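Asker: Each chain is listed here by its residues.
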Amino acid sequence: MRKSIPSLRGPAIVLAVLAFVFLMAPEFYTNHSVLLTMMTFMGLAQGLNLLYGFTGYLPFGYVGFFGTGAYATSLLVTFTGLPILVCVLGGGLAAALIALILGPLLRLSGAYFSIANLAASQIIYFIVANEDLKSITGGPYGIKIEQVYAPHASYLTMLALLLVVTALAAYFRLSRFGLGLKAMNQDPVSAAFAGVNVVRERLIVWLVSAAMAGMIGGTYAWDLSVFYPSAVFTLQISVFAIVFALFGGVGTVIGPLLGAAVLYMLYDGIGVSAPQYFELIYGALIVGLVLFLPNGLMSLLTRRRINVL
Amino acid sequence: MALLEYAIIGGILYGIFFSLVAIGLNLIFGVMRIINLAHGQFVMLGGFGAYLVTSSLGLNPIFGVPLAVLGGIAIGYPLYYGVVPRLQRSRDPEMLSFILFFGVAQMIEAVMTLLFGVDERSLPGEALGSGNFGVLGQQFPDSWWVAVAVSLLCIGGLWLYFSRTRLGYATRAIIANREEALATGINVNRVSAIAFIIGLSLAGIAGVFVPYLVGSISPSDGSDLTTTSFAIIIIGSLGNPLGTVVGGLVFGVGTMLMQTFYPSWSNLVPYVLLVLIVLVRPSGLLGKAVRNA
Amino acid sequence: MSSEPLLRLENVGKRFGGLTVLDQLSFSVHGGEIVGLVGPNGSGKTTTINVISGVHQADVGRVIFEGHEIQRLPSFRIAHRGINRSFQVPKCFREMSVRENVEVAATFANRGEVEIDGILEQVGLTSQADIQAGSLTVNQQKMLDLGRALATNPRILLVDEIGAGLNPAELGGIASLLTSLAARGIALIVVEHLLDFLNRITNRVIVLGAGRLLFEGPLKEASQDPEVVAAFIGG
Chain W
1 MRKSIPSLRG PAIVLAVLAF VFLMAPEFYT NHSVLLTMMT FMGLAQGLNL LYGFTGYLPF
61 GYVGFFGTGA YATSLLVTFT GLPILVCVLG GGLAAALIAL ILGPLLRLSG AYFSIANLAA
121 SQIIYFIVAN EDLKSITGGP YGIKIEQVYA PHASYLTMLA LLLVVTALAA YFRLSRFGLG
181 LKAMNQDPVS AAFAGVNVVR ERLIVWLVSA AMAGMIGGTY AWDLSVFYPS AVFTLQISVF
241 AIVFALFGGV GTVIGPLLGA AVLYMLYDGI GVSAPQYFEL IYGALIVGLV LFLPNGLMSL
301 LTRRRINVL
Chain L
1001 MALLEYAIIG GILYGIFFSL VAIGLNLIFG VMRIINLAHG QFVMLGGFGA YLVTSSLGLN
1061 PIFGVPLAVL GGIAIGYPLY YGVVPRLQRS RDPEMLSFIL FFGVAQMIEA VMTLLFGVDE
1121 RSLPGEALGS GNFGVLGQQF PDSWWVAVAV SLLCIGGLWL YFSRTRLGYA TRAIIANREE
1181 ALATGINVNR VSAIAFIIGL SLAGIAGVFV PYLVGSISPS DGSDLTTTSF AIIIIGSLGN
1241 PLGTVVGGLV FGVGTMLMQT FYPSWSNLVP YVLLVLIVLV RPSGLLGKAV RNA
Chain V
2001 MSSEPLLRLE NVGKRFGGLT VLDQLSFSVH GGEIVGLVGP NGSGKTTTIN VISGVHQADV
2061 GRVIFEGHEI QRLPSFRIAH RGINRSFQVP KCFREMSVRE NVEVAATFAN RGEVEIDGIL
2121 EQVGLTSQAD IQAGSLTVNQ QKMLDLGRAL ATNPRILLVD EIGAGLNPAE LGGIASLLTS
2181 LAARGIALIV VEHLLDFLNR ITNRVIVLGA GRLLFEGPLK EASQDPEVVA AFIGG
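Which chain is which? The protein sequence lines are W, L and V, in order.
The working numbering applies: residue 1 is where the first sequence begins, and numbers increase by one.
The working numbering applies: residue 1001 is where the second sequence begins, and numbers increase by one.
The working numbering applies: residue 2001 is where the third sequence begins, and numbers increase by one.
Please keep in mind that the hints were generated in silico from the structure rather than gathered at the bench.
The hints are all genuine.
Under the rule of at most 20 Å between Cα atoms (straight-line distance), these lysine to any residue pairs were calculated in the SDA-like manner:
#1 V:LYS2091 to W:ASN185
#2 W:LYS134 to L:LEU1268
#3 V:LYS2220 to V:LEU2195
#4 V:LYS2091 to W:VAL189
#5 V:LYS2091 to V:ILE2116
#6 W:LYS134 to L:SER1266
Quick caveat, the model's predicted, so the values are computed rather than measured.
Here chain W stands alone, though its shape is the one from the complex:
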C-alpha cells in the first residue's frame, strides 16, 4: 500500500536551520535592514513558489498582494489602532480578498494569466497612489505608522512568516493535497478524473500564496514604518521574487530559499551601488536559466537522482 506518513525530518531540518541562521545572524551582522529585506525576499520567493512551483501559474503581479498587505496593515494601524500583529493578519486577509476577487483570472492559462495579474497589480497601485485618495492612503505622498515601529518585533515576525511559508511549501510537496497538485500540474483533465477537485485546490493555493505575500508586505511596512507607495508596489519586487525562485528551482522547498539568499547577497554586494549592472546580470541569468537550466539550481541535484526537499 501507499507509503505511510511521509518523513517529517527533512522539513524539520530546513525550518530549524532557517530559524537558527536568522536568530543568530544579528549577533554577527548588525545591518538590520539587509537581514530583514533578505527574509522578505526569501519569503516572497517561497510564496510565489507555492503558486508557480506547484500549479504552474506565474503571478507577474505578485507585488500587488505584497503592496495590498503593506497598505492594509498600515491603514488598520492608522484607523483602528488594533494590536500590530492583528493588523498584519488583516494585511494577509486583505490580500487574500483581492485574490478572491481576481479568482476568475485562474481560468486563463500561461502568459495570459501572468499579464492579467500584472495589470491587476498596477490597478491596485494606481488606485492606492492616486492623488484623489490622499486623505485615506496618503496618495503619492506615502504613509506613516511610526507609532508601532519596533524593529526587533518586526524582525521576529518576518522570521515566523518565513518559517510558515516554508512549512507550507513542504506540505505542498509531501502531503496528499500536494499529490493532487502534482497530478493537476501534469494533466488537469486526467487529475479531475482521478477525483481531484482541480478548481478548488488551485483556488486554495492562490489564496494562500496571496495571503502570505500580504502578511509579508504588512510586516515589511511595519518595519519601514514610513514609505511611499512605490516602495511596496514597484514591479521590481515581483521581478526579484520570480528570478530568485527560478534561480533556486521552483517546485522544491529549498530552491527558492537558496536562490533568494544567494542572489540577494549578490544584489546587496553590487546591486545597491550599481543597480544597472545587477539588472544586466540577472537579465542574462534568466536567459541562461531558460535555455540551459529551466528547473533551477536544484535540478543539478535531481538530475543526478539525488532527492531534495
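Following the hints, put chains L and V in place on chain W, whose structure we already have.
Answerer: Chains L and V in isolation, oriented as in the chain W frame:
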C-alpha cells in the same frame, strides 16, 4: 461638446499610432506562439535611435525609421536563431519565451541605462512640423499627423505583405496552422525569422514617434509600453495582427476620454481594459471563442 | 433488463457555435452491460462520452445516473460518483511512475479501497510499475489510462477508441479484460471503429449519425438498417 470631439478625434489618432506600437508583438505571437516580453524595450530602442539621429547626427528624426529597420535586422536575426527554434522545441514555448524575453528586457534596459542614464529624453519639437493641423475644428500638432501617417503606411504595408506576396501567404499559413504549414513544405523557420525581424522593426519604427506622442522617452519606459501593447493586442485579437487596430482604437479613444474628463485616473485605462477583456472575452473583441482549460 | 437503468440520457442536445453535434439523444445503459457506440467521424460519439463525463455540459436534456441528474456536475464529482473514462489520446501524469498514476486515482476518488497491484496486473503493467509514465509506449499509456480509471472503482466505464493501433493479440487481451469487467457488474460504453472487436464483446450497439441516434440494437442488424447504411456511405 468641443472637449468630447477633441477627445474622440485625438483618441482615434492616438489609437492608430498605438496600433503600430503593439502590432509587432501580435505578429510575433501569431507566427511563433512565443511572447516577446521585451517588446516595449524594442520600442524604447527605436526612440533612442531617433534621439541619436537628431542629437549626434543633426538629422531629422524621421531618419530614425530606416535606422529602426536596420536595427530590427541586426538584432532580430541573431536573436531569432539564437533562441527561438530552441524555445519552440521546449515543453512550454509560450511560458518559457515569456520568461526568457523578460530577461532580454532587463538586459536591454540595463544597457540603455548604463549608456544614457535614467533621464527622460525628448526630440526637437519642431522637427516634424511646427504647426497644427485641424480636423472638424480640432487642432493637433503636426508631429501627431506624421506619426499617424507613418502608422497607416506600416499597417497598410503589412496588409499588402500578407495579401500580395508569397512570403506573406506563407506567414498567414503559419499563423493559421503551424503543423500544416510545415507539412506543405513551407520553410517555417525562415518565414518566422522574417516575421520576427518585421515585428522588431515595426516596434522600433513606432518608438521613433513615442517621444512626440507621449512627451519623452527613457530607458525605463519599456515595461509600460509592453503592458500597454499587451492590452491592445488582447483587446483586438491575440494572434491576428490586423485585429490590433481595433484594440488600438479602443485603447486610444478610452485613454483620451479619460485624460480629458478624469485625468488623474487615465493611467488605469490600459490595465482595466486588459483585465476586463480577458475576464469577459479572453479571445479579444474579434477573436473566436477559444480558451485553454 | 427490465430493472432501473444505471445511466439514462434524455433528449440530450449540444451545439458548438452553429454546429449541432448532439441532437435529442436518448438511451440507457444497465449495470454489467457493454454497449458499443459507433458512427462515422463527427457523428458525436466522443461528444456523447464528454457530456456523460462532464468534460462538456449538455445545452439541453438530462443525464441521469443512479436516479440523480448529473448533467451539471464537474468531472471530478462525476468521478466520485462512479463514472470514469479513458481517452482517445491517453492522458497520463507523465512525470509520475506508473504506480503513482494509479495511486493518485485510488487516493482521490474516495470510492473505497482498491488493490493497486491487482489493477496493474489487469492492465498488464506490473513489470513497468516503477518507470515513468511518459516513457511508456502509446499502447501502454492507453492501458495505464484505463488503469487510472479502474482505480476509482467505477460503476460505469467509458472507453474511447482503445483498439486503434493495437495488434490482434493485444485486442484479444483488451476484449477479455472488458468482458471480465462487465461480468463484475460494471457497465461499459465503448466507442470503437473496429466492428469485429465490438462484435466480440457485445451484441448491443448504438449508431449515431450527425448527432442523432440512428439505430439501437444488435450489431448484425445494424448493417441491414437503411438509415445506418446511408449515414456510413454518405459520411
